[in-house]
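K.L.:
Going line by line, the protein sequences match chains C and B. Start counting the first sequence at 1; every next residue gets the next number (the numbering used here). Start counting the second sequence at 1001; every next residue gets the next number (the numbering used here).
Treat the hints as calculated values from the structure; they're not laboratory data. There are no misleading hints in this set.
What follows is a list of derived Cβ distance ranges for each label pair:
1) C/Pro223 x B/Asp1151: 52 to 62 Å
2) C/Ala234 x B/Arg1349: 52 to 62 Å
3) C/Pro223 x B/Asp1355: 42 to 52 Å
4) C/Asp372 x B/Gln1364: 26 to 36 Å
5) B/Val1365 x C/Arg242: 43 to 53 Å
6) C/Pro346 x B/Val1208: 28 to 38 Å
Glycine residues also receive a C-beta, built at the ideal position from the N, C-alpha and C atoms.
So you can see what is in the structure, the chains are spelled out below.
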Amino acid sequence: MTGAMIVTDEQRTDGSGSTDGSGAADAASVPATSPATASGPPAPITLAKALNLGLHAAMAADPKVIVMGEDVGTLGGVFRVTDGLQREFGEARVIDTPLAESAIVGTAIGLAMRGYRPVCEIQFDGFVYPAFDQIVSQLAKLHYRSAGRIRLPVTIRIPFGGGIGAVEHHSESPEAYFCHTAGLKVVACSNPADAHQMIQQAIRSDDPVIFLEPKRRYWEKSPMVPQPLTDLSATATEGLHRSAVVRAGRDATLVGYGPTVRTCLDAAEVSAADDGRSLEVIDLRSLSPLDLGPVLDSVRRTGRLVVVHEAPSNVSVSAEVAARVTEEAFYSLEAPVLRVTGFDTPYPPARLEDHYLPDVDRILDAVDRAFDF
Amino acid sequence: MTELMQLLTPGGRRITQASEATSPAADTALAGQPDDGRGMTATEPDAADLDLPALVADLTGADLVALYRDLLLVRRFDEEATSLQRQGELGLWASLRGQEAAQVGSGRALGPHDMAFPSYREHGVAWCRGVDPEAILAIFRGTSLGGWDPDEHGFALYSIVVGAQTLHATGYAMGMARDGSDGAAIAYFGDGASSEGDVNEAFGWAGVFGAPVVFFCQNNQWAISEPASRQSRTEIFHRATGFGFPSVRVDGNDVLACLAVTRWALATARAGGGPVLVEALTYRMGAHTTADDPSRYRAADELERWRRRDPLDRMRTHLVAIGLLDDERQRHLELEADTLAQDLRVRCRALPDPDPAILFDHVQVTDNALVAVQRAAFAATSGDAPPAGGTASGDGTGIVEREGAVVAGERHGTEEAW
Ligand SMILES: Cc1ncc(C[n+]2csc(CCOP(=O)(O)OP(=O)(O)O)c2C)c(N)n1
Ligand SMILES: [Mg+2]
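Just chain C, same shape as in the assembly:
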């Protein structure tokens, strides 16, 4: 059984996709994929829109790509990430599913076995757990159990993390559960340009990908030129599992992913202005597998590392980063690897979330401690 087939001709003849191969068919609902004109700089777009354009491009490029989830069709998703896709690609490819997460993932597995590339939306982080068995025991293991015969190119999109003042179960960071599971890939985007590329790459992945979207950053904008992936082969996913230095620095290294990359960048800004420190910031992007090359390079120069995420600390991504950096760069470290994370408590009521979430102050405190060591 192979994964999805790439049939560009089919896409051109199915009548619902774009006709020019650019993925731009309905400018009213989905802007052309190249809003930048020769005359001006690229327009700023939100992270949510960047994802929307990425999904659009992926659907236009491959008729086997289908989007499924609660309220993703008519409504366009509660965050509007799938806005306009059903109008463009039809109800057969953008499916408003019954309210059943286990079924969303379980049927995606069956569809993938049939050669489709399902992109599942889990409405909020806290609602992925009803699908836990299908993700962890089924999706993650079928390739292994079938001795490689079955490929499951399933992408599971999850808006994750806190900071939006929501009610319970809408602010969680479940990444560690999935990183702990062999057979899954786990990525988190942090900015519009990455979101746009990474979602397309995730969809091209022949392995299942848990795709985490920082929901409190959905409306942050940055200028970017949307670019449909042209390479739809397996090599298309190169780069998906690379971490990136997003701000160069000399004195200490901050590592974040998803929503905390912005927080780390803000901390670096404040630290430069107030303390004259030069902090390097690295966006992990891929949580499983981890790409620690840039982190190790950085730590070998700075000697100090602070890892930041919203998830609790116990058995977390930062725990893994700390362990590996300690193993591989022990003699470069001037201080223990420090962590700024959510507490090991349930996510609190919204009025307390500012106390729970890592912020600039807590990051700079940790940096101070790294220097005091």
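Here the structure of chain C is known, so what remains is to put chain B with the ligands in place on it, guided by the hints.
P.N.:
Below, chain B with the ligands without anything else, positioned relative to chain C:
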């Protein structure tokens, strides 16, 4: 055959004949219902034999007015909460508008030993169980995750994870049966929830163990943007047959019928008859929550049709017709509603943010060393004011800047908050 049980016609006439109550005349059926014309019939003998009028024959005039008062106050509570949300006092509100009769009717059927398991929209049931509305507001304000003692009120905590509570109700009911309790459990859930595995597993368990639990489905026609037809190919109440227990479909906008049917269902469960499924056909008249914009997915005339079936209007018309409600009394009740709203507004505004130290309380029954360390570190650094509101924003382009509990989606008008 129990297509739709009724005791008050939409015109406010009280039905007194058992035969008419269990199969209302054509003019009282839900004209133009989305699910009309499927021609499905129920085959539950117990339900069909129901003498619905007899089940509420004991109600005095005062009882009837009390039910109407409940409807009125609950609606007013809900309206007040919606405006509190608009004023930024609540982060979000899930309105029960349109579902008052289903909730008050079923809620008033409950006895002191019964235990209700709500989802997140059961403000009317909470009211009937004596839960302080302030505790409900606190959840939506973001100052609390629970707020009442389930044992004291016979009312479990809200369940935002759709469907999960139906299993809790089933297990609780199994415990009640073992203990020889004379109570039953009731689980509230929606048409959307009926698709969840948990709900179907609850049906299966309750059936094989004969658990004294009433599954009370408020089919309000919508699960956020998805119509009930996306959740089930058959009528929801027909599903019980496959699980081996009786079910009825009741007019959810008819407070008397909801009371009668729930009384019967609870009595069946308490008497060892096992579970019962009640499907209350009603309508979510408002948005899914204050973060939702229903104009994106449903037509305005649908709401218009349901407005003519408004549960409050129906009961009011009936009470006026039988001389139990005059202008004077109506004014009096409205004054009472005003007072309730005013009191809630004041109390809601005054609800303080919790002491940050509670972050670390009650994580577990026994001490957890890691949490203790974090608590100590937090206490050492948090003498000063909480971090100034707001996630850092890059370029000021429409980015979330939080004040109080304002939900990001409100600012942008495009985001559902659950
Ligand atoms: C397990 C789970 N999945 C998704 C959600 C998000 N969500 C909240 S309410 C809702 C729709 C529920 O519809 P229904 O059961 O009909 O209840 P109603 O809102 O109409 O009262 C959804 C999808 C959730 N809360 N829990
Ligand atoms: Mg519903």
